[in-house]
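Visitor: Spelled out from the first residue to the last, the chains are:
Number of protein chains: 2
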Amino acid sequence: MHSSEQIPHPVIRRLPKYLVHVQELREEGVEWASSQEIADALGLTSSTVRQDLSHMDLRGISKKGYETSQLEAVLRQILGADIMHHVVIIGAGHLGRALAEHGAFARRGFEICGLFDRDEDLIGKSFGNAEVMSIHELAEQAGKVKIDIGIIAVPSSAAQNVAEMLVEAGVKAILNLAYKHIQVPSNVTVVDARIMESLQELAYALGKKGKAVN
Amino acid sequence: MHSSEQIPHPVIRRLPKYLVHVQELREEGVEWASSQEIADALGLTSSTVRQDLSHMDLRGISKKGYETSQLEAVLRQILGADIMHHVVIIGAGHLGRALAEHGAFARRGFEICGLFDRDEDLIGKSFGNAEVMSIHELAEQAGKVKIDIGIIAVPSSAAQNVAEMLVEAGVKAILNLAYKHIQVPSNVTVVDARIMESLQELAYALGKKGKAVN
DNA sequence: AAGGTTTTGTCAAAAATTTATCAATACATT
DNA sequence: AATGTATTGATAAATTTTTGACAAAACCTT
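From first to last, the protein sequence lines stand for chains Z and R.
Per my numbering, the first sequence runs over residues 1289 to 1502.
Per my numbering, the second sequence runs over residues 1289 to 1502.
If you're looking for bench data, these hints aren't it; they were derived computationally from the structure.
Not one of these hints is a red herring.
The list makes no distinction among identical chains, and a pair is therefore deemed to hold if it is satisfied within one copy or across any two copies.
Straight-line alpha carbon distances no greater than 30 angstroms define the calculated DSBU-like cross-link-like pairs of lysine-lysine that follow:
no., residue 1, residue 2
1, Lys1351, Lys1468
2, Lys1432, Lys1496
3, Lys1468, Lys1496
4, Lys1352, Lys1468
Go ahead and model the full structure; you've got the sequences and the hints to work with.
Guide: Right, dumping it as structure tokens:
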């Protein structure tokens, strides 16, 4: 237990869910939350919740559960919500712009410090707090501020190319929104968040249901 | 084997990746793909690929692999990419609009047949092919066309409420883009695609890397 | 302060998923 | 046609993840 060791990936993927829920509880004035309560709210079992939380630096108390403020603090710390991350968005199309204009990032520790596009006509325009820069200025910008995370919001045909530019610029974490798998060196972390894939997953579920006998 | 049985969830999540890659190969004129080739392109092992494909109605051939056109067809069929799904988007903020204006959905079997918002000032405006309707018209619209999928693109505070409206309107599949877990009856499928969570996952990876000894 | 009760933390079992292995197969080459 | 080789499909092993179970802990009530 305790936070120095490696936390399994399925657990990591659940941590943001815990954080949102616990934060809400704390804001409502709820001071304690049991593993069962958390499990019910998130569609898990209490056993899973306790197992997950055992990876972290905190102890619950019998008969009360976990202290929401403490749990929130620990989760924020693990998920890096307390330190500011510098994020660049590549692609100022509909999706890239929507992200740049989305106010919630700053509140969660993600500061948009660059919005890039290939299209000359877009350069200089502003979305949210970000002004569109030429993709060729990416390397230069990387020299000025350390870029923590790059978001790929370009058409899938350009995704791999953009990924390589980000890697060259020294970016070690990439969020890929393009509908295409990208290949990067093993020291770079990629997380996919593809709306199209999620929709296809739903379409599969619908097909399954339609065919079901019961 | 064979498609009547239940396909494990991790497999389902990989299928869209296979589809994208195989489609690309086929368009490039590549007629055969081995499990090893597919694995390399997608960062998997050949064993996993063969295991995954064994759930489907298709046979590879020794020494050649899988026929790309056949594989693509089978994947499209399983993922429902050949039939049109009716999709509504709730929330005409930046993200909802970006999705409505995103042209790629129609090509993949998802037709936006409604864009709803609570804000009276937005009603009547058009984004992409969709005109914003009042959220109160959702039930009415559901009576006219069968809504297959609902996309929740509202602030997290409204997510649960919107989810319930969708359920009442008879929607059986929901894509939740809000940063909050939603609760629905067990006959409704929910898939989360939360950009914020993905970013937090990356932030965790960055923190881990910073602390690593090697 | 003693007893009852709820909930944790941990260990072990069960289930699910991934990976390794290898005989069978089908193609290519000679 | 015979031989060699690459690749599948299937089975089994290994690993990972989830769930179950229960003693220990801590609170509440009397």
